[in-house]
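**Q** Okay, here's what each chain looks like letter by letter:
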Amino acid sequence: AQKITQTQPGMFVQEKEAVTLDCTYDTSDPSYGLFWYKQPSSGEMIFLIYQGSYDQQNATEGRYSLNFQKARKSANLVISASQLGDSAMYFCAMREGLIYNQGGKLIFGQGTELSVKP
Amino acid sequence: EAQVTQNPRYLITVTGKKLTVTCSQNMNHEYMSWYRQDPGLGLRQIYYSMNVEVTDKGDVPEGYKVSRKEKRNFPLILESPSPNQTSLYFCASSFIAADTQYFGPGTRLTVL
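Heads up: the protein sequence lines correspond to chains A and F, in order. Numbering-wise (the numbering used here), the first sequence opens with residue 5 and increments by one. Numbering-wise (the numbering used here), the second sequence opens with residue 34 and increments by one.
Among the hints, erroneous ones may be present.
[Said to hold, decoys possible] When the alpha-carbon atoms are kept at most 25 Å apart in a straight line, the in silico SDA-like pairs for lysine to any residue are as follows:
1) A:K7 / F:I129
2) A:K77 / F:G73
3) F:K98 / A:K77
4) A:K7 / F:E95
By construction, these hints were calculated from the structure, which means they are not laboratory data.
With the hints as extra help, turn the sequences into a complete structure.
**A** What follows is the structure in structure tokens.
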């Protein structure tokens, strides 16, 4: 079974509008972390935002926010006021608690390619 | 500037010719890791190092070696590269394993 599922292979958004990228996860570990990374066409992997499983509030970082719904096991990324430079591949990732994940491994979804239209 | 650096960024080589991809971080991070990214397979962990004392295999270690002689460096060694090791390789580091991992710029390797 997929541990991280991103159901939107590609999305379009108009510049200055908000967009939500979906991510659902599957784990039985009570302690885990959820991450979003951005990969532009140049290839680097850029950290955007982090949510811990015990965090009570949704994480925010500038124009990025994470809509964390623990009971539904979803961790959607919301980008407000999209910019042309937001066009990239976006990856959701999970790190399970170190009891089950001795290697600190991140498990990545397949990614969503976001295109921002002028 | 706090960063993870990798060299080379691009490499084309031939089967069997030993190569090393270097990784260095200037953030005093204990934890370092290598991933490879392949279309349809996503990112998979190759090796990780909790600190200079502990290094271990990830999900896809076959054909790779690593060393962690000092905290800042974590080179990836391909003793006898094969075409199935053609991939985009990322080094990542974090203060500890339970912290956010920051990635290097990637190394695009082609093995002919």
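**Q** Which numbered hints does this structure break?
**A** 3
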